[in-house]
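There are 2 protein chains.
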Amino acid sequence: MKLYNYFRSSASFRVRIALELKGLGYGYVPVHLAKGEQKQPGFTQVSAEGLVPVLELDGGQRLTQSMAIIEYLDEAHPQPPLLPADAAGRARVRALAQIIACEIHPLNNLRVLKYLVHELKAGDSAKNAWYQHWVRLGLQSYEAQLAAHPSPFSHGSTPTLADCCLVPQIFNAQRFDCDLAGLPRTMAAFDACMQLGAFQKAQPSACPDFEA
Amino acid sequence: MKLYNYFRSSASFRVRIALELKGLGYGYVPVHLAKGEQKQPGFTQVSAEGLVPVLELDGGQRLTQSMAIIEYLDEAHPQPPLLPADAAGRARVRALAQIIACEIHPLNNLRVLKYLVHELKAGDSAKNAWYQHWVRLGLQSYEAQLAAHPSPFSHGSTPTLADCCLVPQIFNAQRFDCDLAGLPRTMAAFDACMQLGAFQKAQPSACPDFEA
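Chains as they are written, first to last, in full-length UniProt numbering: chain H, 1 to 212; chain U, 1 to 212.
Extracted from the complex, chain H is given alone in its bound form:
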């Protein structure tokens, strides 16, 4: 397998975590988003959308969208499971993942921030306020869900799809100086994940294309 990705991309980071948790080896193909490599022919032949991550399977098939890729990995390589065995648990884990992937991250990714600055003429402080607003709102929802059913990770005693999404979001939040006070369950789940080698190996600073 080959993963087209970028060390800083939060959606790429989710998939790297899942691959590491499953113990699956993969070729790391860097696509430098900040330099616009996703819009150059080399990559648009891989992804017409110019989005990372793309997971290329050994048969050549290319999978897109991080949550869909992780669900695929969980079906093709069931151990260790990244979704609970019961339907209600799966619904909860997917909903947690979607708080991050549908409520927070889409508003704060690079192309959206660029639109704010270039098209809406937002200054640095307005851009940062936007970023922090959606992070805070989303993580408060996440915290409310976790507080209702406390557990060591986001759901249960092992990492799930939800944690694959949470951890990159917290990395982003820290980078943009977001307020993480009052989120004890969320930060405890983050800390529990970061104790694990899989999360450490997947983090941006461990990537071959990392830049400080």
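Hints listed in this document are in silico derivations from the structure and should not be mistaken for laboratory results. Every residue, glycine too, gets a C-beta built ideally from N, C-alpha and C. A few of these clues could be false.
Simulated pairs of lysine-lysine, DSS-like, Cα-Cα distance not exceeding 25 Å [as the list claims (entries may be wrong)]:
no., chain 1, residue 1, chain 2, residue 2
1, U, K22, H, K127
2, U, K121, H, K121
3, U, K2, H, K127
4, H, K35, H, K2
Here are a few chain U residues that sit away from chain H, every Cβ distance over 10 Å (derived from the structure) [stated by the list, open to error]:
no., residue
5, H32
6, L110
7, A198
Given the structure of chain H, go ahead and fit chain U onto it with the hints provided.
Relative to chain H, chain U alone:
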């Protein structure tokens, strides 16, 4: 089952389609988003986040996030299936759904448009340009995926999770005068869906809380 939802909410519409495709009866509980009912105590006791849809199961459990709800319905009520039988097909359908649910809709929902207007002081034309930009970009991605593997619906010969997400997005796009030219496969899938009673019964104008 009870569905807390709003006729105009695109994420609610997705779940209504799935319920109709499965032939499942449900109680319709309207939450008037434009009047702010989602922030009033009656509903914040149901959803701390103040987001619709929420599907309340007969046992009292409440499910959130439209894609997670639809996956649950597909597991609990497998016929007719809303995901293909093969893992690669499921990955494709989920990725299509996520183009809508992670790339387009989060940028254009009501609370985001309100932020643009109230915090970033965007005027009507800037707000509409923002809306149309993300719809166009996302639907072009969707079209590229569909053109690569043409079929009557978004994937295969029956409606899937992807169509549950696509149809409400096209309704929104039409409402905001988005350019839908050059999307022949996407619009053919939309038209195929709208031939079906399930999609017609789920549409905003068929909802008990509909307002013209």
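Here is what the structure says about each hint:
no. : hint              : in the structure
1   : K22/U <-> K127/H  : 43 Å, violated
2   : K121/U <-> K121/H : 11 Å, holds
3   : K2/U <-> K127/H   : 39 Å, violated
4   : K35/H <-> K2/H    : 21 Å, holds
5   : H32               : 21 Å, holds
6   : L110              : 13 Å, holds
7   : A198              : 21 Å, holds
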